[in-house]
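Enquirer: Sequence:
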Amino acid sequence: MAFDKVERTGPAGTRPAEVSNDEARLHELGYAQELERSMSAFSNFAVSFTIICILSGCMTLYGFGMNTGGPAVMVWGWPVVGLFTLTVGLGMAEVCSSYPTAGGLYYWAAKLAKTNGPAWAWFTGWFNFLGQVAVTAGIDFGLAQFLNAFLDLQWGFAATPGHTVLLFGITLLIHALLNVRGVKVVALLNNISVWWQVIGVAIVVLALIVFPGKHQSASFVFGHFVDNTGWGSGLYVSLLGLLLAQYTLTGFDASAHMTEETHDAARSGPRGIVNSILVSLVAGWILLIGVTFAIQSYDGALGSSTGVPPVQIFLDALGATGGKLLLLIVIGAQFFCGMSSVTANSRMIYAFSRDGALPGSRIWHKISDHTRTPTNAVWLASGGAFLLGLPYLINPTAYAAVTSIAVIGLFIAYVIPIYLRLRQGDDFVAGPWQLGRWSKPVAVTAVGWVVFVTLLFMLPQVSPVTATSFNYAPVAVVVVLGFAGAWWGLSARKWFSGPKVQGSADELAAIERDLMGG
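Residue 712 is where the sequence shown ends in our numbering, and the numbering goes up by one at each step.
FYI, nobody ran anything at the bench for these hints, they're computed from the structure.
Small disclaimer: the values here were computed from a predicted structure and weren't measured.
Beta carbons: idealized from backbone N, C-alpha and C, even for Gly.
Accuracy of the hints is not assured; some may be wrong.
[As the list claims (entries may be wrong)] The following label-pair restraints were derived from C-beta to C-beta distances:
1. K688 / D563: 31 to 41 Å
2. S691 / I386: 36 to 46 Å
3. V673 / A396: 34 to 44 Å
4. T662 / D563: 19 to 29 Å
5. L345 / K688: 44 to 54 Å
6. I386 / A412: 33 to 43 Å
7. L429 / G642: 30 to 40 Å
8. A624 / L653: 30 to 40 Å
[Stated by the list, open to error] For lysine to any residue, the following SDA-like pairs were computed, each having C-alpha atoms within a straight-line distance of at most 20 Å:
9. K518 / G550
10. K560 / G550
11. K308 / K634
12. K308 / K560
Could you build the full structure based on these sequences and the hints that come with them?
Expert: See the structure below:
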(Lines of atoms letter the chains of each structure in order from A and count residues from 1; the text may use other names and numbers.)
(Lines give C-alpha, C1' and ligand atoms only; values in the text may rest on other atoms or scores of the structure.)
Protein backbone atom coordinates (compact mmCIF):
# COMPACT_ATOMS: atom_id res chain seq x y z
CA MET A 1 0.00 0.00 0.00
CA ALA A 2 1.47 3.36 -0.99
CA PHE A 3 0.49 6.53 0.87
CA ASP A 4 2.03 9.72 2.14
CA LYS A 5 1.60 11.28 5.52
CA VAL A 6 -1.86 11.03 6.99
CA GLU A 7 -3.55 12.66 9.94
CA ARG A 8 -4.58 11.08 13.20
CA THR A 9 -6.84 12.53 15.82
CA GLY A 10 -4.94 14.52 18.45
CA PRO A 11 -5.98 15.34 22.00
CA ALA A 12 -9.14 17.34 22.40
CA GLY A 13 -8.64 20.96 21.40
CA THR A 14 -5.40 20.35 19.50
CA ARG A 15 -4.55 20.15 15.84
CA PRO A 16 -4.34 16.64 14.30
CA ALA A 17 -0.88 15.10 14.39
CA GLU A 18 0.84 13.92 11.23
CA VAL A 19 1.64 10.24 10.92
CA SER A 20 4.39 9.08 8.58
CA ASN A 21 3.71 6.25 6.16
CA ASP A 22 5.91 4.01 8.35
CA GLU A 23 3.81 4.74 11.42
CA ALA A 24 0.58 4.35 9.47
CA ARG A 25 1.65 0.92 8.23
CA LEU A 26 2.66 -0.07 11.75
CA HIS A 27 -0.80 0.98 12.93
CA GLU A 28 -2.35 -1.22 10.23
CA LEU A 29 -0.32 -4.11 11.63
CA GLY A 30 -1.82 -3.36 15.05
CA TYR A 31 1.01 -1.62 16.92
CA ALA A 32 1.80 1.80 18.29
CA GLN A 33 5.06 3.56 17.48
CA GLU A 34 6.61 2.84 20.88
CA LEU A 35 10.24 2.58 19.73
CA GLU A 36 12.11 5.61 18.44
CA ARG A 37 12.16 5.60 14.62
CA SER A 38 15.51 7.23 13.85
CA MET A 39 17.48 4.68 11.81
CA SER A 40 18.35 5.23 8.15
CA ALA A 41 18.39 2.51 5.48
CA PHE A 42 22.16 2.36 5.81
CA SER A 43 21.91 1.93 9.59
CA ASN A 44 19.43 -0.89 9.09
CA PHE A 45 21.83 -2.63 6.69
CA ALA A 46 24.66 -1.94 9.12
CA VAL A 47 22.96 -3.89 11.93
CA SER A 48 22.75 -7.12 9.90
CA PHE A 49 26.17 -6.67 8.30
CA THR A 50 27.66 -6.07 11.73
CA ILE A 51 26.05 -9.21 13.18
CA ILE A 52 27.15 -11.37 10.25
CA CYS A 53 30.63 -9.91 10.83
CA ILE A 54 33.03 -12.00 8.78
CA LEU A 55 35.90 -10.98 11.08
CA SER A 56 33.98 -12.68 13.88
CA GLY A 57 32.46 -15.83 12.37
CA CYS A 58 35.25 -16.65 9.93
CA MET A 59 38.00 -16.10 12.47
CA THR A 60 36.41 -17.66 15.56
CA LEU A 61 35.60 -20.89 13.70
CA TYR A 62 38.76 -20.90 11.58
CA GLY A 63 40.40 -23.45 13.87
CA PHE A 64 37.32 -25.66 13.59
CA GLY A 65 37.60 -25.39 9.82
CA MET A 66 41.31 -26.27 9.87
CA ASN A 67 40.47 -29.53 11.63
CA THR A 68 37.23 -30.24 9.78
CA GLY A 69 38.04 -30.36 6.10
CA GLY A 70 40.88 -27.86 6.05
CA PRO A 71 41.51 -25.22 3.37
CA ALA A 72 39.59 -26.97 0.59
CA VAL A 73 36.34 -27.11 2.57
CA MET A 74 36.73 -23.62 4.06
CA VAL A 75 37.45 -21.95 0.73
CA TRP A 76 34.94 -23.80 -1.48
CA GLY A 77 32.31 -24.27 1.21
CA TRP A 78 31.97 -20.51 1.62
CA PRO A 79 30.48 -19.60 -1.79
CA VAL A 80 28.30 -22.73 -1.82
CA VAL A 81 26.81 -21.95 1.59
CA GLY A 82 26.62 -18.26 0.71
CA LEU A 83 24.50 -18.79 -2.38
CA PHE A 84 22.06 -21.08 -0.57
CA THR A 85 21.89 -18.61 2.33
CA LEU A 86 21.09 -15.87 -0.15
CA THR A 87 17.93 -17.76 -1.17
CA VAL A 88 16.88 -17.77 2.49
CA GLY A 89 17.56 -14.04 2.76
CA LEU A 90 15.63 -13.28 -0.43
CA GLY A 91 12.62 -15.23 0.80
CA MET A 92 12.70 -13.43 4.15
CA ALA A 93 13.14 -10.04 2.51
CA GLU A 94 9.97 -10.43 0.45
CA VAL A 95 7.93 -11.22 3.55
CA CYS A 96 9.62 -8.44 5.54
CA SER A 97 8.44 -5.90 2.96
CA SER A 98 4.83 -6.93 3.62
CA TYR A 99 5.12 -6.97 7.42
CA PRO A 100 7.78 -4.49 8.64
CA THR A 101 7.48 -5.04 12.37
CA ALA A 102 9.93 -5.83 15.20
CA GLY A 103 8.26 -9.20 15.74
CA GLY A 104 9.67 -10.27 12.41
CA LEU A 105 9.63 -14.00 11.88
CA TYR A 106 6.99 -15.08 14.37
CA TYR A 107 4.65 -12.24 13.37
CA TRP A 108 5.06 -13.25 9.72
CA ALA A 109 4.28 -16.86 10.57
CA ALA A 110 1.04 -15.87 12.28
CA LYS A 111 -0.12 -13.75 9.36
CA LEU A 112 0.90 -16.19 6.61
CA ALA A 113 -0.50 -19.40 8.11
CA LYS A 114 -3.84 -20.37 6.59
CA THR A 115 -4.70 -22.39 9.69
CA ASN A 116 -3.30 -22.66 13.22
CA GLY A 117 -1.62 -19.27 12.98
CA PRO A 118 -1.00 -18.96 16.73
CA ALA A 119 0.79 -22.32 16.86
CA TRP A 120 3.01 -21.43 13.90
CA ALA A 121 3.82 -18.09 15.52
CA TRP A 122 4.52 -19.69 18.90
CA PHE A 123 7.08 -22.22 17.70
CA THR A 124 8.67 -19.83 15.20
CA GLY A 125 9.16 -17.33 17.99
CA TRP A 126 10.72 -19.86 20.33
CA PHE A 127 13.16 -21.10 17.68
CA ASN A 128 14.03 -17.49 16.90
CA PHE A 129 14.56 -16.80 20.61
CA LEU A 130 16.86 -19.82 20.93
CA GLY A 131 18.87 -18.89 17.84
CA GLN A 132 19.17 -15.23 18.82
CA VAL A 133 20.48 -16.05 22.29
CA ALA A 134 22.88 -18.65 20.86
CA VAL A 135 24.28 -16.34 18.20
CA THR A 136 24.84 -13.64 20.83
CA ALA A 137 26.65 -16.20 22.97
CA GLY A 138 28.70 -17.41 20.00
CA ILE A 139 29.78 -13.91 18.96
CA ASP A 140 30.74 -12.66 22.40
CA PHE A 141 32.40 -15.94 23.36
CA GLY A 142 34.52 -15.75 20.22
CA LEU A 143 35.42 -12.19 21.15
CA ALA A 144 36.40 -13.36 24.64
CA GLN A 145 38.71 -16.00 23.15
CA PHE A 146 40.47 -13.48 20.91
CA LEU A 147 40.66 -10.91 23.70
CA ASN A 148 42.11 -13.53 26.05
CA ALA A 149 44.71 -14.37 23.40
CA PHE A 150 45.73 -10.71 23.16
CA LEU A 151 45.90 -10.29 26.94
CA ASP A 152 47.99 -13.45 27.14
CA LEU A 153 50.44 -12.18 24.53
CA GLN A 154 50.64 -8.69 25.99
CA TRP A 155 50.46 -9.23 29.74
CA GLY A 156 50.53 -12.99 30.36
CA PHE A 157 46.82 -13.32 31.23
CA ALA A 158 46.67 -17.05 30.47
CA ALA A 159 44.10 -18.31 27.97
CA THR A 160 42.28 -20.67 30.36
CA PRO A 161 38.58 -21.62 30.26
CA GLY A 162 37.99 -19.69 33.48
CA HIS A 163 39.59 -16.52 32.16
CA THR A 164 37.74 -16.80 28.86
CA VAL A 165 34.37 -17.18 30.58
CA LEU A 166 35.19 -14.19 32.82
CA LEU A 167 35.95 -12.04 29.78
CA PHE A 168 32.80 -13.40 28.13
CA GLY A 169 30.68 -12.16 31.03
CA ILE A 170 32.38 -8.75 31.08
CA THR A 171 31.86 -8.36 27.34
CA LEU A 172 28.15 -9.14 27.60
CA LEU A 173 27.82 -6.64 30.44
CA ILE A 174 29.43 -3.87 28.36
CA HIS A 175 27.23 -4.66 25.39
CA ALA A 176 24.13 -4.53 27.58
CA LEU A 177 25.16 -1.17 29.04
CA LEU A 178 25.70 0.29 25.56
CA ASN A 179 22.31 -0.94 24.40
CA VAL A 180 20.38 0.54 27.29
CA ARG A 181 21.78 3.96 26.33
CA GLY A 182 19.40 4.08 23.37
CA VAL A 183 19.12 3.25 19.68
CA LYS A 184 20.95 6.40 18.52
CA VAL A 185 24.14 5.24 20.23
CA VAL A 186 23.75 1.76 18.74
CA ALA A 187 23.03 3.15 15.25
CA LEU A 188 26.12 5.38 15.38
CA LEU A 189 28.36 2.48 16.42
CA ASN A 190 26.83 0.25 13.75
CA ASN A 191 27.60 2.82 11.06
CA ILE A 192 31.19 2.96 12.27
CA SER A 193 31.27 -0.83 12.34
CA VAL A 194 30.54 -1.17 8.62
CA TRP A 195 33.62 0.82 7.71
CA TRP A 196 35.67 -0.84 10.44
CA GLN A 197 34.88 -4.23 8.94
CA VAL A 198 35.38 -3.28 5.28
CA ILE A 199 38.61 -1.40 5.91
CA GLY A 200 39.69 -3.99 8.50
CA VAL A 201 39.31 -6.88 6.06
CA ALA A 202 41.28 -4.92 3.47
CA ILE A 203 44.12 -4.24 5.94
CA VAL A 204 44.24 -7.86 7.15
CA VAL A 205 44.29 -9.33 3.64
CA LEU A 206 46.79 -6.80 2.23
CA ALA A 207 49.12 -7.25 5.19
CA LEU A 208 49.02 -11.02 4.80
CA ILE A 209 49.73 -10.72 1.07
CA VAL A 210 52.55 -8.15 1.23
CA PHE A 211 54.60 -8.86 4.36
CA PRO A 212 55.05 -12.63 4.87
CA GLY A 213 58.28 -14.08 3.50
CA LYS A 214 56.44 -17.04 2.01
CA HIS A 215 52.91 -18.09 1.10
CA GLN A 216 51.13 -21.37 0.61
CA SER A 217 50.59 -22.59 -2.93
CA ALA A 218 47.28 -22.21 -4.74
CA SER A 219 46.91 -25.99 -4.77
CA PHE A 220 47.16 -25.99 -0.97
CA VAL A 221 44.67 -23.15 -0.47
CA PHE A 222 42.08 -24.47 -2.91
CA GLY A 223 42.65 -28.21 -2.68
CA HIS A 224 44.27 -29.35 0.58
CA PHE A 225 41.94 -31.52 2.70
CA VAL A 226 42.43 -32.19 6.43
CA ASP A 227 40.53 -34.53 8.73
CA ASN A 228 41.47 -34.21 12.39
CA THR A 229 38.02 -35.22 13.60
CA GLY A 230 38.64 -38.95 13.84
CA TRP A 231 35.79 -39.85 11.49
CA GLY A 232 37.84 -40.87 8.46
CA SER A 233 35.04 -40.04 6.01
CA GLY A 234 35.87 -37.29 3.54
CA LEU A 235 32.24 -36.61 2.65
CA TYR A 236 30.99 -36.49 6.24
CA VAL A 237 33.83 -34.26 7.39
CA SER A 238 33.38 -31.94 4.40
CA LEU A 239 29.72 -31.49 5.26
CA LEU A 240 30.51 -30.80 8.92
CA GLY A 241 33.05 -28.22 7.79
CA LEU A 242 30.26 -26.13 6.26
CA LEU A 243 29.46 -24.95 9.79
CA LEU A 244 32.11 -22.22 9.53
CA ALA A 245 30.36 -20.55 6.62
CA GLN A 246 26.80 -21.20 7.74
CA TYR A 247 27.38 -19.89 11.27
CA THR A 248 29.02 -16.74 9.96
CA LEU A 249 26.21 -16.04 7.50
CA THR A 250 23.51 -15.77 10.16
CA GLY A 251 21.89 -12.90 12.02
CA PHE A 252 20.58 -11.01 9.00
CA ASP A 253 17.07 -11.13 10.46
CA ALA A 254 18.27 -8.17 12.54
CA SER A 255 17.19 -5.86 9.73
CA ALA A 256 13.64 -7.14 10.14
CA HIS A 257 13.67 -6.75 13.92
CA MET A 258 14.82 -3.12 13.56
CA THR A 259 12.12 -2.09 11.07
CA GLU A 260 10.00 -0.33 13.71
CA GLU A 261 13.01 1.96 14.24
CA THR A 262 13.85 2.43 10.53
CA HIS A 263 12.63 4.98 7.99
CA ASP A 264 10.96 3.59 4.82
CA ALA A 265 10.93 0.23 6.58
CA ALA A 266 9.11 -1.74 3.86
CA ARG A 267 12.04 -1.15 1.52
CA SER A 268 14.95 -0.54 3.88
CA GLY A 269 14.41 -3.76 5.87
CA PRO A 270 14.45 -6.11 2.83
CA ARG A 271 17.42 -4.32 1.32
CA GLY A 272 19.27 -4.56 4.61
CA ILE A 273 18.75 -8.34 4.70
CA VAL A 274 19.86 -9.02 1.13
CA ASN A 275 22.71 -6.52 0.91
CA SER A 276 24.25 -7.67 4.18
CA ILE A 277 24.47 -11.23 2.80
CA LEU A 278 25.87 -10.14 -0.57
CA VAL A 279 28.59 -7.89 0.83
CA SER A 280 29.55 -10.48 3.44
CA LEU A 281 29.67 -13.22 0.81
CA VAL A 282 32.27 -11.37 -1.27
CA ALA A 283 34.33 -9.92 1.59
CA GLY A 284 34.31 -13.18 3.58
CA TRP A 285 35.66 -15.24 0.69
CA ILE A 286 38.50 -12.76 0.17
CA LEU A 287 39.31 -12.91 3.89
CA LEU A 288 39.38 -16.71 4.05
CA ILE A 289 41.59 -17.00 0.98
CA GLY A 290 43.97 -14.31 2.26
CA VAL A 291 44.39 -15.87 5.70
CA THR A 292 44.87 -19.37 4.28
CA PHE A 293 47.57 -18.24 1.85
CA ALA A 294 49.47 -16.72 4.81
CA ILE A 295 49.68 -19.92 6.91
CA GLN A 296 53.35 -20.52 7.73
CA SER A 297 52.93 -23.69 9.81
CA TYR A 298 49.61 -25.55 9.77
CA ASP A 299 50.38 -27.72 12.79
CA GLY A 300 51.92 -24.76 14.60
CA ALA A 301 48.74 -22.72 14.17
CA LEU A 302 46.58 -25.57 15.45
CA GLY A 303 48.89 -26.08 18.45
CA SER A 304 49.04 -22.38 19.38
CA SER A 305 49.38 -21.68 23.10
CA THR A 306 46.67 -19.01 22.77
CA GLY A 307 44.18 -21.66 21.61
CA VAL A 308 43.20 -19.42 18.67
CA PRO A 309 44.80 -20.55 15.37
CA PRO A 310 44.27 -17.28 13.42
CA VAL A 311 46.25 -15.41 16.07
CA GLN A 312 49.21 -17.73 15.53
CA ILE A 313 48.88 -17.29 11.76
CA PHE A 314 49.08 -13.51 12.23
CA LEU A 315 52.12 -13.80 14.51
CA ASP A 316 53.96 -16.24 12.24
CA ALA A 317 53.30 -14.13 9.15
CA LEU A 318 53.93 -10.64 10.53
CA GLY A 319 55.82 -10.99 13.78
CA ALA A 320 54.67 -9.98 17.26
CA THR A 321 53.86 -6.32 16.60
CA GLY A 322 52.11 -6.81 13.27
CA GLY A 323 50.26 -9.86 14.53
CA LYS A 324 48.93 -7.99 17.55
CA LEU A 325 47.76 -5.09 15.38
CA LEU A 326 45.74 -7.43 13.17
CA LEU A 327 44.39 -9.11 16.26
CA LEU A 328 43.14 -5.75 17.58
CA ILE A 329 41.35 -5.10 14.27
CA VAL A 330 39.56 -8.44 14.59
CA ILE A 331 38.68 -7.79 18.25
CA GLY A 332 37.20 -4.40 17.35
CA ALA A 333 34.99 -5.93 14.66
CA GLN A 334 33.86 -8.67 17.04
CA PHE A 335 33.02 -6.07 19.67
CA PHE A 336 30.72 -4.20 17.27
CA CYS A 337 29.22 -7.51 16.19
CA GLY A 338 28.30 -8.59 19.70
CA MET A 339 26.77 -5.21 20.48
CA SER A 340 24.49 -5.40 17.45
CA SER A 341 23.51 -8.97 18.27
CA VAL A 342 22.30 -7.91 21.71
CA THR A 343 20.32 -5.13 19.99
CA ALA A 344 18.53 -7.47 17.58
CA ASN A 345 17.98 -10.10 20.26
CA SER A 346 16.41 -7.59 22.62
CA ARG A 347 13.99 -6.35 19.93
CA MET A 348 12.83 -9.88 19.23
CA ILE A 349 12.32 -10.45 22.98
CA TYR A 350 10.46 -7.13 23.24
CA ALA A 351 8.10 -8.02 20.39
CA PHE A 352 7.51 -11.60 21.55
CA SER A 353 6.79 -10.34 25.07
CA ARG A 354 4.49 -7.65 23.71
CA ASP A 355 2.26 -10.55 22.69
CA GLY A 356 2.64 -12.37 26.02
CA ALA A 357 4.67 -15.32 24.73
CA LEU A 358 7.57 -15.34 27.21
CA PRO A 359 7.46 -16.05 30.94
CA GLY A 360 7.41 -12.66 32.66
CA SER A 361 6.34 -10.88 29.47
CA ARG A 362 5.30 -7.74 31.33
CA ILE A 363 8.87 -7.35 32.55
CA TRP A 364 10.59 -7.94 29.20
CA HIS A 365 8.18 -5.72 27.27
CA LYS A 366 8.85 -2.66 29.43
CA ILE A 367 10.13 0.39 27.53
CA SER A 368 12.45 2.94 29.11
CA ASP A 369 10.76 6.32 29.38
CA HIS A 370 14.11 8.03 28.85
CA THR A 371 15.55 6.17 25.85
CA ARG A 372 12.44 4.42 24.45
CA THR A 373 14.36 1.14 24.30
CA PRO A 374 13.40 -2.25 25.81
CA THR A 375 16.02 -2.20 28.57
CA ASN A 376 14.80 -5.30 30.41
CA ALA A 377 14.85 -7.29 27.18
CA VAL A 378 18.48 -6.22 26.73
CA TRP A 379 19.38 -7.73 30.10
CA LEU A 380 17.51 -10.97 29.33
CA ALA A 381 19.34 -11.30 26.00
CA SER A 382 22.72 -10.83 27.66
CA GLY A 383 21.97 -13.07 30.65
CA GLY A 384 20.62 -15.89 28.50
CA ALA A 385 23.71 -15.79 26.28
CA PHE A 386 25.99 -16.01 29.32
CA LEU A 387 24.22 -19.12 30.59
CA LEU A 388 24.57 -20.78 27.19
CA GLY A 389 28.33 -20.24 27.21
CA LEU A 390 28.98 -21.65 30.69
CA PRO A 391 29.34 -25.34 29.58
CA TYR A 392 32.72 -24.35 28.09
CA LEU A 393 34.11 -24.68 31.61
CA ILE A 394 33.69 -28.45 31.39
CA ASN A 395 33.32 -29.14 27.65
CA PRO A 396 36.06 -27.88 25.29
CA THR A 397 33.85 -28.46 22.25
CA ALA A 398 31.07 -26.29 23.69
CA TYR A 399 31.80 -23.37 21.37
CA ALA A 400 31.13 -25.43 18.23
CA ALA A 401 27.90 -26.65 19.85
CA VAL A 402 26.79 -23.07 20.58
CA THR A 403 27.37 -22.12 16.95
CA SER A 404 25.39 -25.18 15.83
CA ILE A 405 22.52 -24.14 18.10
CA ALA A 406 22.58 -20.66 16.58
CA VAL A 407 22.37 -22.05 13.05
CA ILE A 408 19.61 -24.54 13.89
CA GLY A 409 17.46 -22.15 15.90
CA LEU A 410 17.75 -19.19 13.55
CA PHE A 411 17.37 -21.01 10.27
CA ILE A 412 14.32 -22.97 11.38
CA ALA A 413 12.76 -19.66 12.38
CA TYR A 414 13.89 -18.11 9.09
CA VAL A 415 12.37 -20.77 6.89
CA ILE A 416 8.95 -21.24 8.52
CA PRO A 417 7.57 -17.93 7.16
CA ILE A 418 9.13 -18.69 3.76
CA TYR A 419 7.40 -22.08 3.73
CA LEU A 420 4.07 -20.52 4.75
CA ARG A 421 4.42 -17.81 2.11
CA LEU A 422 5.05 -20.61 -0.43
CA ARG A 423 1.82 -22.29 0.65
CA GLN A 424 -0.10 -19.05 0.16
CA GLY A 425 0.85 -18.82 -3.50
CA ASP A 426 -1.01 -16.04 -5.29
CA ASP A 427 -2.94 -15.16 -2.12
CA PHE A 428 0.19 -13.50 -0.71
CA VAL A 429 -0.04 -9.70 -0.72
CA ALA A 430 3.44 -8.49 -1.60
CA GLY A 431 4.96 -5.28 -0.33
CA PRO A 432 6.94 -2.76 -2.39
CA TRP A 433 9.99 -5.10 -2.40
CA GLN A 434 9.14 -8.42 -4.06
CA LEU A 435 10.63 -11.33 -6.04
CA GLY A 436 7.91 -11.70 -8.65
CA ARG A 437 8.13 -14.94 -10.65
CA TRP A 438 11.29 -15.95 -8.77
CA SER A 439 9.46 -16.19 -5.47
CA LYS A 440 8.52 -19.89 -5.72
CA PRO A 441 11.88 -21.35 -6.88
CA VAL A 442 13.71 -19.25 -4.30
CA ALA A 443 11.39 -20.44 -1.52
CA VAL A 444 11.65 -24.11 -2.50
CA THR A 445 15.46 -23.92 -2.54
CA ALA A 446 15.55 -22.13 0.80
CA VAL A 447 13.31 -24.70 2.51
CA GLY A 448 15.35 -27.62 1.20
CA TRP A 449 18.63 -26.07 2.32
CA VAL A 450 17.42 -25.35 5.85
CA VAL A 451 16.13 -28.89 6.32
CA PHE A 452 19.56 -30.15 5.24
CA VAL A 453 21.68 -27.96 7.53
CA THR A 454 19.36 -28.47 10.50
CA LEU A 455 19.89 -32.22 10.38
CA LEU A 456 23.59 -31.85 9.57
CA PHE A 457 24.59 -29.69 12.51
CA MET A 458 22.90 -31.94 15.06
CA LEU A 459 25.32 -34.75 14.18
CA PRO A 460 28.47 -35.60 16.19
CA GLN A 461 31.42 -33.43 15.17
CA VAL A 462 34.34 -35.49 16.49
CA SER A 463 35.05 -39.18 17.06
CA PRO A 464 34.98 -40.98 19.40
CA VAL A 465 31.95 -39.39 21.02
CA THR A 466 32.59 -38.90 24.73
CA ALA A 467 31.18 -36.80 27.54
CA THR A 468 33.66 -34.02 26.74
CA SER A 469 33.33 -34.16 22.94
CA PHE A 470 29.55 -34.62 22.74
CA ASN A 471 27.70 -32.13 20.52
CA TYR A 472 25.05 -30.86 22.91
CA ALA A 473 23.24 -28.85 20.22
CA PRO A 474 20.44 -31.46 19.92
CA VAL A 475 19.99 -31.40 23.70
CA ALA A 476 19.55 -27.63 23.77
CA VAL A 477 17.13 -27.75 20.85
CA VAL A 478 15.09 -30.56 22.42
CA VAL A 479 14.96 -28.78 25.79
CA VAL A 480 13.68 -25.53 24.30
CA LEU A 481 11.31 -27.29 21.91
CA GLY A 482 10.07 -29.53 24.72
CA PHE A 483 9.49 -26.57 27.02
CA ALA A 484 7.71 -24.56 24.33
CA GLY A 485 5.69 -27.61 23.26
CA ALA A 486 4.66 -28.54 26.79
CA TRP A 487 3.70 -24.96 27.60
CA TRP A 488 1.71 -24.76 24.39
CA GLY A 489 -0.12 -28.03 24.98
CA LEU A 490 -0.87 -27.45 28.66
CA SER A 491 -1.64 -23.75 28.65
CA ALA A 492 -0.66 -21.39 25.85
CA ARG A 493 -2.93 -22.89 23.19
CA LYS A 494 -5.87 -21.76 25.33
CA TRP A 495 -4.86 -18.09 25.50
CA PHE A 496 -2.10 -17.31 22.97
CA SER A 497 -3.81 -15.99 19.86
CA GLY A 498 -0.71 -14.80 18.06
CA PRO A 499 0.38 -11.17 17.67
CA LYS A 500 -1.93 -8.89 19.61
CA VAL A 501 -3.52 -5.74 18.29
CA GLN A 502 -2.78 -2.97 20.77
CA GLY A 503 -5.94 -1.06 20.02
CA SER A 504 -7.87 1.22 17.71
CA ALA A 505 -6.25 4.16 15.92
CA ASP A 506 -7.20 6.47 18.80
CA GLU A 507 -5.84 4.01 21.38
CA LEU A 508 -2.55 3.67 19.49
CA ALA A 509 -2.27 7.44 19.32
CA ALA A 510 -2.87 7.63 23.07
CA ILE A 511 -0.05 5.14 23.72
CA GLU A 512 2.29 7.23 21.60
CA ARG A 513 1.28 10.47 23.36
CA ASP A 514 1.99 8.88 26.73
CA LEU A 515 5.45 7.78 25.60
CA MET A 516 6.20 11.28 24.32
CA GLY A 517 4.99 12.86 27.51
CA GLY A 518 1.94 14.32 25.77
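Enquirer: For the pair supplied as a hint, K308 and K634, confirm whether the alpha-carbon distance does not exceed 20 Å.
Expert: 17 Å, holds
Enquirer: Can you tell me whether the CB distance of V673 to A396 sits inside 34 to 44 Å?
Expert: At 42 Å between Cβs, range holds.
Enquirer: Using the C-beta atoms of A624 and L653, is the stated range 30 to 40 Å upheld?
Expert: With Cβ atoms ~38 Å apart, the hint holds.
Enquirer: Between K560 and G550, does the CA-CA distance stay at or below 20 Å?
Expert: Holds, at about 12 Å.
Enquirer: Below or equal to 20 Å on CA atoms is what counts here, so check K518 against G550.
Expert: Roughly 47 Å separates the two Cα atoms, so the pair is violated.
Enquirer: Take the C-alpha atoms of K308 and K560, compute the straight-line distance between them, and say whether it is at most 20 Å.
Expert: 32 Å, violated
Enquirer: Given a hint of 31 to 41 Å, does the C-beta separation of K688 and D563 actually sit inside it?
Expert: 34 Å, holds
Enquirer: For the hint 33 to 43 Å, verify it against the beta carbon of I386 and that of A412.
Expert: 36 Å, holds
Enquirer: Taking the CB of L429 and the CB of G642, does the distance hold inside 30 to 40 Å?
Expert: The hint (30 to 40 Å, Cβ to Cβ) is violated, given that L429 and G642 are roughly 19 Å apart.
Enquirer: Mind checking the hinted window 19 to 29 Å against the Cβ distance between T662 and D563?
Expert: 48 Å, violated
Enquirer: Lying within 44 to 54 Å: is that true of the beta-carbon distance L345 to K688?
Expert: 52 Å, holds
Enquirer: So does S691 sit 36 to 46 Å from I386, Cβ to Cβ?
Expert: Holds, since S691 and I386 (Cβ atoms, about 42 Å apart) stay within the stated range.
The structure fails hints 4, 7, 9 and 12 (numbered hints given earlier, in ascending order).
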